[in-house]
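J.: Starting from the known structure of chain D, fit chain Z onto it as the hints suggest.
2 protein chains.
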Amino acid sequence: MSNQDIVALMDDMGKRARAAAMQLARASSAEKQAALMAMAATIRARESEILVENQKDLAAADEHGLSGAMRDRLALDHDRVEAIAAGLETVAAFKDPVGDLMEEWDRPNGLKISRVRVPLGVIGVIYESRPNVTADAGALCLKAGNAAILRGGSESVFSARAIHACLVEGLTAAGLPGDAIQLVPTRDRAAVGAMLQDMAEYIDILIPRGGKGLNARVMAEARVPVIGHLEGICHVYVDKSADLEKAVAIAVNAKMRRTGICGTAETLLVDRAAAATHLRPILDALAGAGCALRGDADVCAADDRVTLAVEEDWSTEYLDAILSVALVDGVDGAVEHIGKYSSGHTEAIIAEDVAVVERFTRLVDSAILMVNASTQYADGGEFGMGAEIGIATGKLHARGPVGAEQLTSYKYIVHGSGQTRP
Amino acid sequence: MSNQDIVALMDDMGKRARAAAMQLARASSAEKQAALMAMAATIRARESEILVENQKDLAAADEHGLSGAMRDRLALDHDRVEAIAAGLETVAAFKDPVGDLMEEWDRPNGLKISRVRVPLGVIGVIYESRPNVTADAGALCLKAGNAAILRGGSESVFSARAIHACLVEGLTAAGLPGDAIQLVPTRDRAAVGAMLQDMAEYIDILIPRGGKGLNARVMAEARVPVIGHLEGICHVYVDKSADLEKAVAIAVNAKMRRTGICGTAETLLVDRAAAATHLRPILDALAGAGCALRGDADVCAADDRVTLAVEEDWSTEYLDAILSVALVDGVDGAVEHIGKYSSGHTEAIIAEDVAVVERFTRLVDSAILMVNASTQYADGGEFGMGAEIGIATGKLHARGPVGAEQLTSYKYIVHGSGQTRP
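Listed in order, the protein sequences are those of chains D and Z.
Heads up: the first sequence is residues 1 to 422, going by this note's numbering.
Heads up: the second sequence is residues 1 to 422, going by this note's numbering.
What the hints contain is simulated information worked out from the structure, not anything from laboratory work.
Just to be clear, a hint being listed does not mean it is correct.
To be verified - Straight-line distance between alpha carbons at most 16 Å, and here's what the computed EDC-like set of lysine to aspartate or glutamate pairs gives: (1) Z:K112 to D:E358; (2) D:K340 to Z:E201; (3) D:K15 to D:E201; (4) D:K240 to D:D353; (5) D:K112 to Z:D379; (6) Z:K112 to D:D320; (7) Z:K340 to D:E201; (8) D:K112 to Z:E358; (9) Z:K240 to Z:D332; (10) D:K56 to D:D77.
Excised from the complex, chain D in its bound form (with noise of 0.2 Å):
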């Protein structure tokens, strides 16, 4: 397509998703419910469809020398197309927040003024090679009344398109706007710069759902407000307070659970009061897990199997089973380092003294503060939400797991009786 097709192509579009969102900003929950329903029962009696369009994806994936990482990422089978389906009923039977009264107060002159939640308006998602993000993102945008532009990786565009058939499908059975999610139909990179760039007036929001090269250049070039999700470089910090039967279980839970997720901790500091005491067990844990080790001056005279971290280990989100390690001067040494090296994304303390546990919640400024409990419970679905869209890194709007609520706006409904201002 030429440059000129695809500007006319995401115009296009965008009139449409506004049009859409028009609608779905009047749908009714039950409307929205039977919707995600009705996609859910067609991605799972289309399944063999879908895999044939993913084996498609594969085929091009093994031509273009695609990494085991990525391609296993790509690769869609039964139990997968079967979570795609389940996951769009647990947003469907999720709580609709439009409409959600937020809050309500009276005023001396007898006004009586409430903030209830409204969608936003059209999402823009603009994410990497996982197919089941398609149904993902359109669900959420859905749930929380908003249409979405979806731009899902050139890897998976067979795969993104035939679930993005049955999320239509779904969508029309309810008598909702088949619009309401679109997804950008060309491989063609000129269109995620079109989103970016020059759909201000029919996308109100962008959301990068994918590594850190996609996160960094849709932040950087965006002349659309983003939701960003950035690295993860999670910290666990053992104070000398804490029980080391947990400091234990936490730490190698926190790394080694699932060392590729962005609520993977990167980086352990333990308090130097407490290195006598907690740092071998906790580092016998570790090794005994398989993670290696690299650590401070400190941390390696203390232990052999630790080999010398550079610098840009504080700063470096392994996603492997990998740990920097270093001792810091109590609470605030390490609220020191994580203020320095954190990428705001989710911190855990381990410590039974209680105000040193005020003091860490408290100084340090990240989405997601655990205490005594796991990094990796940095989660949409863990904390309650549902589902979620990624985890937000920044402090607009929406900070921390985005789920439908996140997705909202909200407006405020004022009741007077013929008041008139003085």
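T.: The following block gives chain Z in isolation, referenced to the frame of chain D:
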């Protein structure tokens, strides 16, 4: 100053703001309150110096032939200086939003999740000639624990500097960093460009406060998130179920109480079914109050005081004693007209029929919907927010009156007892 000097200057201001924001986030409510009270006292003590500096701005205004309205906005006298001090005291007395527990819930696995308010960080405010904005904006940012970088209009540079000096004195008197509220010291327009384009590392959010031109420029050019304040094209809809007395009083108040504010009504919509009963008395009252009337063909035919409106009238913010008037087909006609022409600020409905009111408040997507009350109540003070920095017309992060609470973000604190994720 050379462009290079300005870049260096703004870079330095950004660094200092970041450092101040770190300290402010940890400041107690009492410290912030003490600073605001000290600022008010200093403003009062230095009234004569402030007025001398204001005279310099006024002399320059006369030299440049500034219009009467602009000159009036710029001018200070005893009462206006007193109002600035009183405004600081109002913000001081108001509840500190930082640390507020927004919600909390328990999970089946025993995790206790809470969401608490935290400061946003560094807020850039770009405003025009009113000198009081220096104090209002600085105070609100401080109240919410944010550092502020203020860029006032070049017409009010002497007044703004004099007021800013009082703010810094108040900060340091309370032991808070003077850099918490910085005023861009140069009139050079390149400083605004730097705030819009080059300071994403330092400025978390930009708030333009001023006319349509300023807002449009900031929203178009900023590479930092913006809380925008577009014009207010506010509507009053009079339904056939309206109480005539309320309709007359509210229409006159909404238009004529103050014609120059963003919450003033610009268009009156009258239910065609009420044209015979309601239109004439309302237009009589408006004309009697000195309002010029422009109407559609039907309104012109019904009342010869009305001149024919052109298409542009329906999207014009007159900010003057002029009102456009149209007949519409009931509440759905009103919703359609408002959807087409409104700027999303504030609309009012005058109606006694609860089903009609419900339909209007559900279907109209503006920041504030008034039911049987004047649009001129669209104001943070009238909402009980203490003070405001403007009325946001966007849907992201903050919508409607922007007070201290709207200048915050939040974080999650999760209390566990050793939980690890299965």
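J.: With reference to the structure, classify each hint as holding or not holding.
T.: Hint by hint, here is what the structure shows:
{"no.": "1", "hint": "Z:K112 to D:E358", "result": "holds (15 Å)"}
{"no.": "2", "hint": "D:K340 to Z:E201", "result": "holds (14 Å)"}
{"no.": "3", "hint": "D:K15 to D:E201", "result": "holds (9 Å)"}
{"no.": "4", "hint": "D:K240 to D:D353", "result": "holds (9 Å)"}
{"no.": "5", "hint": "D:K112 to Z:D379", "result": "holds (14 Å)"}
{"no.": "6", "hint": "Z:K112 to D:D320", "result": "violated (29 Å)"}
{"no.": "7", "hint": "Z:K340 to D:E201", "result": "holds (14 Å)"}
{"no.": "8", "hint": "D:K112 to Z:E358", "result": "holds (15 Å)"}
{"no.": "9", "hint": "Z:K240 to Z:D332", "result": "holds (12 Å)"}
{"no.": "10", "hint": "D:K56 to D:D77", "result": "holds (14 Å)"}
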